[in-house]
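*Asks:* What follows is each chain in one-letter form.
2 protein chains.
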Amino acid sequence: MARAKSPSRHALVDSALKLFWKRGYHRVSMGDLVRETGVSRGSLYSDFAGKEALFHACLDRYQETVVTPAFGVVETKGAGLAEVGQYLDNLLARNAAHPDANTGCLVLNTLAQITPQESDTMTRLSAHGRRLHKGLHQALWQENQKHQKLDEAEIEALARFTLISIQGLWAQSRGSSDSAALRQYCETLLSLLASRMGVEPLHGT
Amino acid sequence: MARAKSPSRHALVDSALKLFWKRGYHRVSMGDLVRETGVSRGSLYSDFAGKEALFHACLDRYQETVVTPAFGVVETKGAGLAEVGQYLDNLLARNAAHPDANTGCLVLNTLAQITPQESDTMTRLSAHGRRLHKGLHQALWQENQKHQKLDEAEIEALARFTLISIQGLWAQSRGSSDSAALRQYCETLLSLLASRMGVEPLHGT
DNA sequence: CTTGTTTTGGAATGATCGTTCCAATAACTT
DNA sequence: AAGTTATTGGAACGATCATTCCAAAACAAG
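Sequence lines, in order, name chains B and S. Residues 332 to 536 in this note's numbering are what the first sequence spells out, letter by letter. Residues 332 to 536 in this note's numbering are what the second sequence spells out, letter by letter.
Only true hints are included.
For identical chains, the list gives no copy identity; a pair is met inside one copy or between any two copies.
For lysine to any residue, the following SDA-like pairs were computed, each having C-alpha atoms within a straight-line distance of at most 20 Å:
{"id": "1", "residue 1": "Lys349", "residue 2": "Pro447"}
{"id": "2", "residue 1": "Lys480", "residue 2": "Ser522"}
{"id": "3", "residue 1": "Lys353", "residue 2": "Asp363"}
{"id": "4", "residue 1": "Lys353", "residue 2": "Ser450"}
{"id": "5", "residue 1": "Lys353", "residue 2": "Ala384"}
{"id": "6", "residue 1": "Lys349", "residue 2": "Ala427"}
{"id": "7", "residue 1": "Lys465", "residue 2": "Ala511"}
{"id": "8", "residue 1": "Lys382", "residue 2": "Leu456"}
{"id": "9", "residue 1": "Lys382", "residue 2": "His357"}
{"id": "10", "residue 1": "Lys353", "residue 2": "Ile445"}
{"id": "11", "residue 1": "Lys465", "residue 2": "Ala512"}
{"id": "12", "residue 1": "Lys382", "residue 2": "Arg358"}
{"id": "13", "residue 1": "Lys477", "residue 2": "Glu414"}
{"id": "14", "residue 1": "Lys480", "residue 2": "Ala525"}
{"id": "15", "residue 1": "Lys349", "residue 2": "Gln448"}
{"id": "16", "residue 1": "Lys480", "residue 2": "Gln515"}
{"id": "17", "residue 1": "Lys353", "residue 2": "Gln448"}
{"id": "18", "residue 1": "Lys465", "residue 2": "Asp509"}
{"id": "19", "residue 1": "Lys465", "residue 2": "Gln515"}
{"id": "20", "residue 1": "Lys477", "residue 2": "Val530"}
{"id": "21", "residue 1": "Lys353", "residue 2": "Gln444"}
Think of the hints as simulated: they come from the structure by calculation, not from any bench. Every value quoted in this text rests on a predicted model; they were computed, and no experiment measured them.
Input sequences plus hints: build the corresponding full structure.
*Replies:* Written out as structure tokens, the structure reads:
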């Protein structure tokens, strides 16, 4: 029944995702989406219930194609502080690669643009936060197994701290394309975490 | 020449500020502003060039009536780490006082909502960032005078780190009204700063 | 070719928005 | 009081938006 569309469904959503990411949900019109995706108005409305449904598909695809490749390293079984550092490096590299168009994180941008009323959207954003928190907690817990300096409550506090710090990093990465400052921030964050956990200072790039 | 308006100019801007703060620039219509400020459409357009000019007046007033009372303690001459802690406490108290309507920081919300094209607005937002950075740098420098553990470059890095962390805190404070988590974050941040600077752990409330 | 099904491009709809304009009203001055 | 100025409420305008609708075109299968 589902027949091949001119641009595949993934390609369609990817185009839409790119637009939403760059300009934000409210600043993308259906006309923009028609032009950018190359799919007609009629087809868009037959494939998706409306603009919001299409956006939700983009949020889901963002998890697959952006969050997982970047954050997966932290979520793997034996990950520790070094993997958190890898994630931050990846984040910095992405930023340095596109110094002009600084888009930040789609989830955090959206969080600042919607109201709590749009609860379907909000649900997805919360899930993203929980995903990151869980991954960070696991990595810090694993790291702590080696040195045993912190108890569970302290690990939890550090995980939360790291999560919020990363949110600040994303926020800062929008507008300010001073990648040296961002790098410095990541180094400071990692070095603070390391010293608190009793890890010898890491030798980053 | 300038005669007294029915609601004083400050009261007018305060009403508009409240709306912009709660809903964001793009989600406030001129109709909303007329209803909320109690000033007619005609008068609004004779007092301000348009919606954006009114918003700029609100951003300026936000600095006077919100940022200065909260952040001034860090900007005073002899301020150190303790005053940074006071600022964070103030921030947490503000958050706990309005657990329902969590508005975050007007400047950071706006930063996530506008595009770099709106450069007049962007200028004001950048100035806010510079103000906070300068105040934090000064306070950390002052604190470091007592212990002499860090050099200038490290102070600069720590100031930047603190600034971005505070941005993350503001971002987190929107939506999540889990004030215990926010408090925990502030405590972790302060304790990390203190240990890095060689300060005995502070006894917060 | 001839059906039957998708897809297209664009017109039409109804809503909201920022801004302008202006006659009616209120407030102040002399 | 009358005369002058400031303010009001709302109509009107032009623009943009999400959504709906549909005749024409493209395509697939028999």
